[in-house]
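**Q** If you read the protein sequences in the order shown, they are chains A and B.
According to the numbering used here, the first sequence holds residues 40 to 205 in order.
According to the numbering used here, the second sequence holds residues 24 to 425 in order.
Treat the hints with care, as some may be off.
Stated by the list, open to error - Here are the computed lysine-lysine pairs in the DSBU-like style, where the Cα-Cα straight-line distance is at most 35 Å:
#1 B/K174 - B/K380
#2 B/K174 - B/K304
#3 A/K108 - B/K119
#4 A/K66 - B/K266
#5 A/K66 - A/K77
#6 A/K66 - B/K345
#7 A/K108 - B/K304
#8 B/K304 - A/K77
#9 B/K345 - B/K266
To be verified - Not close to chain A: a few residues of chain B, all C-beta gaps over 10 Å, as computed:
#10 A52
#11 E62
#12 D72
#13 Y77
#14 D197
#15 P199
#16 T225
#17 L313
#18 G378
#19 V392
#20 L394
#21 L397
#22 Q399
To be clear, the hints were calculated from the coordinates, so they are not data collected in a lab.
Nothing here was measured: the structure is a model prediction, and the numbers come from that model.
By construction, the Cβ of each residue, glycine as well, lies at the ideal position given by its N, Cα and C atoms.
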Amino acid sequence: MPISTKIMERPEAVETSYLRAALKGMKITLKHMLNPKKVTQQYPEVETRLHPRWRGTHRMEVHADGRPKCVACGLCPTVCPANCIRLVGGEDDQGNRYPVVYEIDEFRCIFCGMCQEVCPVEAIHVGQDFENAEYTRERFVYDLDRLMNQDHPTTLLWDPADPLSE
Amino acid sequence: MTTQRTIELPQPNMESGNMLVNIGPQHPATHGVLRLLCELDGETVIKIDPDIGYLHSSFEKLGEYRTWNQIIPLTDRMDYLAPLMYNCVYVMAVEKLMGLEVTERCKIVRVLCMEMERIFSHLLWLGTTAIDVGAFTPFLYAFQERERIYKLHEAFTGARITTSATRVGGMMADLPEGWTDQLKDFVYTFPDTLDEIENLLTRNGIHLGRTQGIGCIPADEAINAGFTGPNLRASGVDYDLRKDRPYYDYESYEFDVPVGTKGDCYDRYLVRMEEMRQSLKILDQALARLPDGRINVDDPRVSLPSKTDCMNDMESMIHHFKIVTEGIRVPPGDCYFAVEGSKGELGMYVVSDGGEKPIRWRVRPPSFVNLSVLPQLAEGHQVSDLIMINASLDIVLGEIDR
Numbered sequence: 040m041p042i043s044t045k046i047m048e049r050p051e052a053v054e055t056s057y058l059r060a061a062l063k064g065m066k067i068t069l070k071h072m073l074n075p076k077k078v079t080q081q082y083p084e085v086e087t088r089l090h091p092r093w094r095g096t097h098r099m100e101v102h103a104d105g106r107p108k109c110v111a112c113g114l115c116p117t118v119c120p121a122n123c124i125r126l127v128g129g130e131d132d133q134g135n136r137y138p139v140v141y142e143i144d145e146f147r148c149i150f151c152g153m154c155q156e157v158c159p160v161e162a163i164h165v166g167q168d169f170e171n172a173e174y175t176r177e178r179f180v181y182d183l184d185r186l187m188n189q190d191h192p193t194t195l196l197w198d199p200a201d202p203l204s205e
Numbered sequence: 024m025t026t027q028r029t030i031e032l033p034q035p036n037m038e039s040g041n042m043l044v045n046i047g048p049q050h051p052a053t054h055g056v057l058r059l060l061c062e063l064d065g066e067t068v069i070k071i072d073p074d075i076g077y078l079h080s081s082f083e084k085l086g087e088y089r090t091w092n093q094i095i096p097l098t099d100r101m102d103y104l105a106p107l108m109y110n111c112v113y114v115m116a117v118e119k120l121m122g123l124e125v126t127e128r129c130k131i132v133r134v135l136c137m138e139m140e141r142i143f144s145h146l147l148w149l150g151t152t153a154i155d156v157g158a159f160t161p162f163l164y165a166f167q168e169r170e171r172i173y174k175l176h177e178a179f180t181g182a183r184i185t186t187s188a189t190r191v192g193g194m195m196a197d198l199p200e201g202w203t204d205q206l207k208d209f210v211y212t213f214p215d216t217l218d219e220i221e222n223l224l225t226r227n228g229i230h231l232g233r234t235q236g237i238g239c240i241p242a243d244e245a246i247n248a249g250f251t252g253p254n255l256r257a258s259g260v261d262y263d264l265r266k267d268r269p270y271y272d273y274e275s276y277e278f279d280v281p282v283g284t285k286g287d288c289y290d291r292y293l294v295r296m297e298e299m300r301q302s303l304k305i306l307d308q309a310l311a312r313l314p315d316g317r318i319n320v321d322d323p324r325v326s327l328p329s330k331t332d333c334m335n336d337m338e339s340m341i342h343h344f345k346i347v348t349e350g351i352r353v354p355p356g357d358c359y360f361a362v363e364g365s366k367g368e369l370g371m372y373v374v375s376d377g378g379e380k381p382i383r384w385r386v387r388p389p390s391f392v393n394l395s396v397l398p399q400l401a402e403g404h405q406v407s408d409l410i411m412i413n414a415s416l417d418i419v420l421g422e423i424d425r
């Protein structure tokens, strides 16, 4: 049987000298003082490094001529667990579908990234960014222009460039 | 027409001169938003009434309005101390109901995730419990190590706490390059920190004085109360779902189930410390047997086609649209699936009517059951011991209130 039961031994309460316990603790603390591990991040003086898979603020990809890649298929508002995407689709004179209204409420958003996971044309992305503080609540509803003008890198998840993430 | 109900609060027995003291809900020693109504005679606890519900988010009801995959982000918000574990259990329950067998690689990856989360959760317990009895140093060391697991979360799933990493039939993505090396590094270097913390606490006279003989519960009473997990094992019952109802080939791993003898706070401490070491052993074995291959099942009912296929191939595109818009169909029926969570038996019960959403989703919460024993454990002890007993139960309020 590879899984066995192990009965934990209890030390008797012999070392009742509080001074000894305190000194032992001080020894370990001093050891760390002399040989410190540098774990504190000096944010914001030193920029935080995010992992390439980080799921943060959204970004809409654009074609070379400046049109959004979105074809208003409606998959992202369908799959969004937080119901934070508002999409109204339209059709231009050449019959191409495009989003008339595309809004993401970054307050409601839970950054699960499912919108990007289901997007069939790689238009909406979550990106490597988290510094999105604003002064008013209204500013957190990102409209299409704002999403298109985001310039942070996008996440490596669900990116055909990386086969490991599908 | 709504009916108003009044909640009976315990009244102090004024003739005896007892005092009613309110601990929480905004108190760091309650480990969340838990309110404890205590009737005290001087420093001695006469009666306690835990008042829960301050973090109620109605997760189970919300789940009835979400498709099967949309529930996953809810699960990691329930226990924010072991998010990946909750992600895994939920999809495991759904897969059991669907009769879906995940790939070998996915199984091992989930085992890796779950054992990592056990360490992750126990480390937080260790740090905060030590703080509650006045030892500040272990807290800092434990959180340094937790930060490394946060980094692993971030590298794998793109988020530190709200991982949402699983999908029915697999994972959100495969492990990134170099992730297993990072985890290996953690497995080999973490015992040093654990030794250091054990040096500080295990034979420390102050710690022994604060924990030994406090909050004892014998084995039969612990079973009666519905204790599971490390709390039950501290009372000497070797009940561990990984051993007694193995899932994901746990029976083929070599590890020990630590049990205590007396069931006091000190035994709970010992058992959890040892569990972290045993989890490292499992992680080491699982890393060695991690196979290559697909991580998601090749089943058109649940798996989305790959992005490249979806953008280049009409059939895949139609398939993609069908899965996303119609959702995954789970056959009618109900199913309960439980794993050994970091806090006890963690079970998910899902009921399906064949549709795209569950008609009921219920969680068997380990900490909720464990908390219910607190009044019995703490009666007759001092107020300072009450804090220690509450800490030693390792509760998480997100999951208690759900």
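**Q** All hints, please: hold or fail.
**A** Hints and how they fare:
1. B/K174 - B/K380: Between B/K174 and B/K380 the Cα gap is close to 33 Å, so the pair holds against 35 Å.
2. B/K174 - B/K304: holds, 21 Å
3. A/K108 - B/K119: Violated. A/K108 to B/K119 sits at ~39 Å, over the 35 Å cutoff.
4. A/K66 - B/K266: Since the Cα atoms of A/K66 and B/K266 sit roughly 40 Å apart, the hinted pair is violated (cutoff 35 Å).
5. A/K66 - A/K77: holds, 19 Å
6. A/K66 - B/K345: Status violated; Cα separation ~64 Å.
7. A/K108 - B/K304: Status violated; Cα separation ~48 Å.
8. B/K304 - A/K77: holds, 28 Å
9. B/K345 - B/K266: violated, 40 Å
10. A52: For B/A52, whose nearest Cβ neighbour in chain A is about 21 Å away, the distance exceeds 10 Å, so it holds.
11. E62: holds, 30 Å
12. D72: B/D72 clear of chain A: closest Cβ-Cβ about 32 Å, beyond 10 Å.
13. Y77: Label holds. Min Cβ-Cβ 21 Å, cutoff 10 Å.
14. D197: At about 4 Å from chain A, B/D197 fails to clear the 10 Å cut-off, so the statement is violated.
15. P199: violated, 6 Å
16. T225: Violated, because the least Cβ-Cβ distance between B/T225 and chain A comes to about 7 Å, which does not exceed 10 Å.
17. L313: At roughly 14 Å from the nearest Cβ of chain A, B/L313 sits farther out than 10 Å, so the non-interface label holds.
18. G378: holds, 15 Å
19. V392: Holds, since 23 Å exceeds 10 Å.
20. L394: About 24 Å separates B/L394 from the closest Cβ of chain A, which puts it past 10 Å; holds.
21. L397: Answer for B/L397: holds, closest chain A Cβ roughly 23 Å.
22. Q399: At about 23 Å from chain A, B/Q399 clears the 10 Å cut-off, so the statement holds.
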